[in-house]
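Numbering follows the working numbering, in which position 39 of the sequence shown is assigned residue number 62; successive positions increment by one, without gaps.
Keep in mind the hints are simulated off the structure, nothing from the lab. What you are looking at is a predicted structure, and each value in this text was computed from that prediction instead of being measured. All C-beta atoms in this analysis are idealised placements derived from N, C-alpha and C, irrespective of residue type, glycine included. Watch out, some of these pointers could steer you wrong.
For each label pair, taking beta carbons as the anchor points, the in silico distance ranges come out as [what the hints assert, rightly or not]:
id: 1; residue 1: PRO246; residue 2: ALA279; range: 27 to 35 Å
id: 2; residue 1: ASP259; residue 2: ALA279; range: 18 to 26 Å
id: 3; residue 1: ARG290; residue 2: ASP248; range: 23 to 31 Å
id: 4; residue 1: VAL313; residue 2: ARG271; range: 20 to 28 Å
id: 5; residue 1: GLU99; residue 2: ARG290; range: 27 to 35 Å
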Amino acid sequence: MAAVDLDNERGEPLVAHVPGPLGDVRVHVWPALDTDLDDDVPVRRARRRRVESGRPVLLAFHGWTDGGRVFGPLAEALGRRWTVVAPDAPAHGGTPWQPSPDYRLDDQVDVGVAVLDALPTLRGRRSPVVTLGHSMGAIPAAGVAAALPRAVRHVVLEDPVRTTRRAGRWQTARRRHVQALQALDLDERTALARAEHPDWPDDELRPWAGTKDDVDLAHLRVPADWGEPLAARLADVRCPVTLVRGARARGALVSAAAARRVAAVCRAGCEIVALDAGHNVRREARTPFVATLAAVLGRYEP
Numbered sequence: 024m025a026a027v028d029l030d031n032e033r034g035e036p037l038v039a040h041v042p043g044p045l046g047d048v049r050v051h052v053w054p055a056l057d058t059d060l061d062d063d064v065p066v067r068r069a070r071r072r073r074v075e076s077g078r079p080v081l082l083a084f085h086g087w088t089d090g091g092r093v094f095g096p097l098a099e100a101l102g103r104r105w106t107v108v109a110p111d112a113p114a115h116g117g118t119p120w121q122p123s124p125d126y127r128l129d130d131q132v133d134v135g136v137a138v139l140d141a142l143p144t145l146r147g148r149r150s151p152v153v154t155l156g157h158s159m160g161a162i163p164a165a166g167v168a169a170a171l172p173r174a175v176r177h178v179v180l181e182d183p184v185r186t187t188r189r190a191g192r193w194q195t196a197r198r199r200h201v202q203a204l205q206a207l208d209l210d211e212r213t214a215l216a217r218a219e220h221p222d223w224p225d226d227e228l229r230p231w232a233g234t235k236d237d238v239d240l241a242h243l244r245v246p247a248d249w250g251e252p253l254a255a256r257l258a259d260v261r262c263p264v265t266l267v268r269g270a271r272a273r274g275a276l277v278s279a280a281a282a283r284r285v286a287a288v289c290r291a292g293c294e295i296v297a298l299d300a301g302h303n304v305r306r307e308a309r310t311p312f313v314a315t316l317a318a319v320l321g322r323y324e325p
């Protein structure tokens with residue numbers, strides 16, 4: 024990974040590039056910071072400094088038509104206790120996609136492996152890794168854990184795709200939706216997100232809106248090659264899994280029955296966490312989602 028300045032204490036991520044299977048992968052990094060607190064001092068005024076410990080790293084994979092920068096609010100909600108590393112998937116953000124007859128979701132696994140291989144240059148020594156995958160991001164989150172079992176200690180899935188064997192759907196509707204969003208400016212997209220998602224925290228709106236300009240519409244003009252269902256992928260994962268799902272009535276993808284089927288194949292066990300949210304669980308149920316994720320990361324503290 025290209026050298027980056029880890030002394031940035033602002034909310035903006037550091038950006039680096041990693042050689043990947045389809046070209047350079049753009050990676051967003053929120054380094055962990057120590058926070059010195061008095062009981063009477065607000066967190067926002069606390070003195071903060073970069074952490075040089077062996078705390079676990081969160082390697083986060085975004086959903087379809089998002090980008091790595093959407094994990095900034097999560098990094099802040101976690102108190103910047105852990106380094107968060109979020110690559111852009113091919114055809115998203117600053118990661119290119121070479122036109123082909125289909126869009127292979129398995130390419131994202133190779134992207135994740137390339138990023139994970141670069142992590143030691145971010146810290147003084149190899150830290151344990153927890154992968155997080157939202158929706159489409161479940162595929163690389165599980166795939167990287169299976170490919171690099173010594174590095175990945177835990178997998179967290181946020182309302183993941185492919186919990187059934189249904190074929191992937193054609194991308195026409197998704198392309199039209201993104202194309203319509205790209206016709207708006209950033210302020211208009213942010214206002215639309217606020218109207219359509221009134222239960223999202225305000226800090227989630229602009230990062231979501233900002234990623235839409237960077238989606239390559241060409242990858243939505245071809246069918247998606249989903250590869251294996253999620254259960255088959257998780258059967259090769261040796262570490263524990265936490266599956267966080269929302270409510271189907273609110274638009275979540277994963278039913279209780281599907282979650283149980285997925286959990287049954289996890290070799291090191293799978294905790295199922297059901298929250299009152301839709302598909303964007305961390306945005307719609309931030310407090311319990313962050314608590315769940317922080318508890319997982321805390322297991323691997325030095």
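Hint check against the structure, violated hint numbers in rising order: The structure conflicts with no hint, since it agrees with every one listed earlier.
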